[in-house]
Amino acid sequence: MQYLSQRLAAEPPRTRNQDAPRGVLAAGQRERILAATEQLIAEKGCAGATIEGIVKLAGVSSVTFYEHFRDKDECFVAAFDSAVEEFSAELRAAVPEGGSREDRLRSGLATLLAAVDAEPARARLCFVEAQKGGPRLRARYDEMLDAAAAVLDDPLGAAIAGGLAWLLRERLELGGGGSARELLPEMTEVVLAPQPAHG
Amino acid sequence: MAERARATEALSAGKDRLPPGRHGLPREFVSENQRQRLLNGVVEAVAEHGYNATTIGKITEASKISRRTFYEYFEGKEDCFLAAYEMIDDHVRGSMLAAGDPAASWPEQVRARLEALLSVLSRDLAVARFYLTEPLTAGGEIAARYRDAMQLLAETIRPQDSPSDLNVEVRDQVLMGGIATLIARRLKAGEADRLGELLPDLTELALAPYLGRAEARRLAQSLS
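Residue numbers (the working numbering), protein chains in the order written: chain A, 6 to 204; chain B, 10 to 233.
Since the hints were derived computationally from the structure, they do not count as laboratory data.
Yeah, the Cβ is synthetic: ideal placement off N, Cα and C, and Gly gets one too.
Possibly wrong hints are sitting among the right ones.
Said to hold, decoys possible - One-sided and incomplete, this derived list gives chain A residues near chain B with beta-carbon spacing under 8 angstroms:
1) Gly50
2) Ala52
3) Gly53
4) Phe92
5) Gln136
6) Lys137
7) Gly162
8) Ala163
9) Ile165
10) Gly168
11) Ala170
12) Leu172
13) Glu175
14) Val195
15) Ala198
Please build the complete structure, drawing on both the sequences and the hints.
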């Protein structure tokens, strides 16, 4: 036990709210912690986001934090997983099940870039800061790229997914005021790899 | 902490160190020798611990040089990292530029230069990690330096007469991201010695934006 708050968290929780079932309360707290983590990592990076800062932003106690997460690392991974799942859910909702590979990839890219613009902190966590985190977070980032590569359904899928993530990272990190959506024509070109025009 | 410092000092008195005092070696030689060892030490330390967890203590431990001597050459970790990065980058890009026949076609040159890149990196896992994967985990000046290095690498394999209406910078970024991703996977799997197997894929990636996928693949397979 490194911190007193960790030790306290190990004790059985007391019932604090008669009206709300414990599970609902806990789920709300967990969501708040994950949202705060996302925001803080986007602002300060993984090295700058502290548990102290997270609990303050989430409006929970550090005891509550340790009821949900063993340590900072576990919380970061959970925030990353949740962020990736949010993006995935948007993609699942927007991209038609049937349709050609080209249609699905076009709509998938457009949806992803719009989501990145709509949720800059979430995008920053997924595409910029996760690569600078600890080994577990970096492993999760690699898994996200693997999943993207599988969707691309291309012998060079791993390289193409890596290239697109690279491009997105550059845009998010260097900014230049441009939106991610501006990258759509280039990304579509890369993914669909058209033959050069003749004549 | 004091014990740790003493341990580091004891290590630094090991056999690898030049004998203190009057060893008859020119001052410049001693100085260059110490600096080179520190550069080697930062590569070892970063490859083993990652950039963020690397401390000056770990660098001096790996190079068997005292902390005080470290500060004679470098202001801090970042400074030392950048000096080593500069040296490796010159070597990698120099090897790429020297590769291949200048009179050969562009696809042949691309293939030769990528082969040189893979060959340099496959010789030394620590150097490869230090050069290509670890800077991604750092920020600030190191990330900026890495960005420049990757951009310059991309330029060595770009066609000279690339059409001006294309967003070449975006193509370069996607290409370097793709190349770095494939190489990083092999390094993570501890397969630095098998990097050469990536040559057809990397060649196809580099040619595709300008020749189309089908032609790029055909050339990548036939040249390899």
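Going through the hints against the structure:
Hint on Gly50 (chain A) holds. Least Cβ distance to chain B is approximately 7 angstroms, under the 8 angstroms limit. Using the Cβ-Cβ criterion of 8 angstroms, the hint placing Ala52 (chain A) at the interface with chain B is satisfied: the shortest such distance is roughly 7 angstroms. Here the hint on Gly53 (chain A) is broken, as its CB sits about 10 angstroms from the closest CB of chain B, past 8 angstroms. A least Cβ separation of about 19 angstroms between Phe92 (chain A) and chain B goes past the 8 angstroms threshold, and the interface hint is therefore violated.
At its closest, the beta carbon of Gln136 (chain A) sits 5 angstroms from a beta carbon of chain B; the interface hint therefore holds under the 8 angstroms criterion. Interface hint at Lys137 (chain A): satisfied, since its Cβ lies 5 angstroms from the closest Cβ of chain B, which is below the 8 angstroms cut-off. Annotation: Gly162 (chain A) was flagged as interfacial toward chain B, and the flag is violated, the nearest CB pair being 10 angstroms apart, outside 8 angstroms. Proximity of Ala163 (chain A) to chain B holds as hinted, the smallest CB-CB distance being about 6 angstroms (cut-off 8 angstroms).
Checking Ile165 (chain A) against chain B: minimum C-beta separation of about 6 angstroms stays under 8 angstroms; hint holds. At its closest, the beta carbon of Gly168 (chain A) sits 4 angstroms from a beta carbon of chain B; the interface hint therefore holds under the 8 angstroms criterion. Evaluation of the Ala170 (chain A) hint against chain B yields a held restraint, the C-beta minimum of about 6 angstroms falling below 8 angstroms. Using the Cβ-Cβ criterion of 8 angstroms, the hint placing Leu172 (chain A) at the interface with chain B is satisfied: the shortest such distance is roughly 5 angstroms.
The interface hint given for Glu175 (chain A) is met, as the beta carbon of that residue sits about 6 angstroms from the closest beta carbon of chain B, less than 8 angstroms. Because the smallest distance between the Cβ of Val195 (chain A) and any Cβ of chain B comes to about 5 angstroms, under 8 angstroms, the interface hint for this residue holds. Taken as an interface hint, Ala198 (chain A) checks out: its beta carbon lies about 4 angstroms from the nearest beta carbon of chain B, inside 8 angstroms.
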